[in-house]
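S.K.: Chain residues, written in single-letter form:
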Amino acid sequence: MNQAVISCLHANLPAVEAVLKDIELQGITNITCLGDLVGYGPQPNEVIELIRDKKIPTCQGCWDEDVVDGLDACDCSYPSQLAEKRGHFAHQWTTDKLTKENKDYLANLPYSIRKDKCLFVHGSPNSQHEYLLPDMDAFAALERVENARAEILFCGHTHQPYIRELADGSIAVKIKNAAPKDIQEKEIQLPMRRIVNAGSVGEPRHGGTKATYVVHNEVTNEVKIREVEYDLELTCKAIIDAGLPQIFAWRLKNGFEFAEQAEDASHVCER
Amino acid sequence: MIERWALVSGLKGDLDTYELIQKDLKKTPGNITLFVLGDMIGPEKNCNRLLHRLINPKSNDLQPWCIYGWWEEQILLESGYRGDQRAETLRINKGEEVVKSLTNAVDKSFLDWIAALQFGFVELDCGLIHGSSKDIGENLTLDTPPLTLLDRLTRLQVNRLFTARSKEQFHLELTEGTVNSEVEDLNGNRKKEQKVPQKAVIGIGAGKNYTLYDVGTDNTQFVQAGYKSEKRIKGFGML
Chain R
1 MNQAVISCLH ANLPAVEAVL KDIELQGITN ITCLGDLVGY GPQPNEVIEL IRDKKIPTCQ
61 GCWDEDVVDG LDACDCSYPS QLAEKRGHFA HQWTTDKLTK ENKDYLANLP YSIRKDKCLF
121 VHGSPNSQHE YLLPDMDAFA ALERVENARA EILFCGHTHQ PYIRELADGS IAVKIKNAAP
181 KDIQEKEIQL PMRRIVNAGS VGEPRHGGTK ATYVVHNEVT NEVKIREVEY DLELTCKAII
241 DAGLPQIFAW RLKNGFEFAE QAEDASHVCE R
Chain D
272 MIERWALVSG LKGDLDTYEL IQKDLKKTPG NITLFVLGDM IGPEKNCNRL LHRLINPKSN
332 DLQPWCIYGW WEEQILLESG YRGDQRAETL RINKGEEVVK SLTNAVDKSF LDWIAALQFG
392 FVELDCGLIH GSSKDIGENL TLDTPPLTLL DRLTRLQVNR LFTARSKEQF HLELTEGTVN
452 SEVEDLNGNR KKEQKVPQKA VIGIGAGKNY TLYDVGTDNT QFVQAGYKSE KRIKGFGML
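Chains as they are written, first to last, in our numbering: chain R, 1 to 271; chain D, 272 to 510.
Don't read these hints as lab results, they were simulated from the structure. Every value quoted in this text rests on a predicted model; they were computed, and no experiment measured them. Everything hinted at is true.
No more than 25 angstroms apart at the CA atoms, straight line, and that leaves these computed lysine to aspartate or glutamate pairs for DMTMM-like:
1) R:K253 with R:E227
2) R:K224 with D:E453
3) D:K405 with R:E151
Between beta-carbon pairs, the in silico distance windows are:
4) D:E368 with R:A167: 43 to 53 angstroms
5) R:V219 with D:I363: 36 to 46 angstroms
6) D:K329 with R:I188: 46 to 56 angstroms
7) R:S170 with D:K405: 17 to 27 angstroms
8) D:D414 with R:M1: 31 to 41 angstroms
9) R:Q184 with D:E368: 37 to 47 angstroms
10) R:K85 with D:N451: 41 to 51 angstroms
We treat Cβ as the ideally placed atom computed from N, Cα and C, and that holds for glycine.
Using the sequences and the accompanying hints, generate a full structural model.
M.R.: Structure follows, in structure tokens:
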């Protein structure tokens with residue numbers, strides 16, 4: 001049986017509709033969403049209502065959390081203070097646009113969803129704001145999955161889809177500073193674990209413009225990254241019409257990771 | 272001259288023990304730096320005399336370098352130094368009486384000094400903290416999974432982590448390790464084998480039990496104040 005995992009919808013209704021259509025065409029009815037329904041994009045209420053209507057189980061993303069709790073968390077991925085200012089503008093715009101009912105919905109989303117051996121989170125089991133990047137320290141990545149008592153960790157947040165398998169691991173340990181007869185050495189075998197990042201439906205940052213999500217076969221454990229085309233022009237026009245920073249449309253249209261190069265090394269995290 | 276660190280924690284207002292440790296260290300050869308890794312205060316006894324001594328060392332005292340520990344965090348929470356949060360974990364687990372005992376044990380004039388203490392020190396390639404790099408209340412022991420220990424070392428980007436929260440004395444080396452990583456993304460597949468360089472986690476003890484660390488040789492000595500140093504015998508337990 002296949003399940004689809006979507007993440008980082010970012011108020012991009014045409015992208016969400018296209019992805020849900022693609023999922024439907026494959027006959028998949030089991031869908032989990034990893035949050036960030038809002039932020040950057042022009043249709044926050046519409047996207048939330050679509051997810052609610054379809055009763056898709058959803059975790060709370062970092063944008064969802066910030067819109068509810070206020071900007072208490074800093075997105076350290078902003079490459080510059082200028083980019084951060086635009087992010088804050090989008091945050092305020094989204095907060096103003098959202099209905100109370102939709103804010104309440106975001107406020108009550110769980111941090112994580114567990115289904116058997118699978119754990120679904122937005123960023124990491126530690127925080128909606130932690131990035132599990134594809135090439136992060138392998139032991140640290142394994143620790144995130146193992147300490148969450150999962151075999152497969154589904155996450156988003158990076159907007160870059162990937163499947164990472166961590167296998168054949170071991171750590172050797174030795175007690176030092178004990179009597180010779182009590183000095184013990186052991187090699188601990190580490191379990192095989194996987195991290196699956198669903199990428200982003202509404203704001204891809206993988207170098208292309210297609211929305212991404214993943215399909216997991218619960219029997220074979222096979223995971224596939226799906227890319228879906230959608231009406232990009234429609235979203236870009238809606239961004240501009242809504243008065244959101246035009247650079248968000250430009251970034252979407254080019255599939256760029258960031259709107260500009262990181263020039264401000266002095267950025268200090270607000271958290 | 273040999274450079275040594277003396278690592279102390281869990282004094283919880285016990286000036287007598289602190290004086291005993293100072294006395295020990297005067298007799299210990301080498302150039303000694305004294306680190307106090309938190310829990311200078313606690314609810315059991317009045318802590319003002321010890322705090323005064325730590326802030327105003329006697330002329331022949333070794334200068335103590337202090338960080339805050341779990342009990343300091345509780346009093347800072349309860350005294351409003353952490354925004355709206357209060358010491359709810361302590362209140363739930365130990366009751367209102369213990370919260371009151373703690374706030375009564377420390378004069379308010381010391382709170383600003385406590386609030387200015389750091390979470391930890393990074394010296395050379397060593398991290399000196401109270402609990403772990405994840406949480407001040409985390410106990411790291413011989414039974415902590417090595418993967419977790421490695422993560423706590425990685426978070427601080429250090430090769431040795433000195434921790435006090437568990438109150439235990441141990442020196443656990445992570446001698447080697449490996450894991451294979453395979454990533455598939457839209458650009459294709461890539462494989463990588465990652466290895467662990469040698470690292471260690473050292474439990475320094477609490478109260479009268481403290482640790483001497485020889486910076487040059489990477490050797491630890493587990494010491495009880497007022498007694499000769501001794502080698503601890505510890506098994507792996509449930510590792």
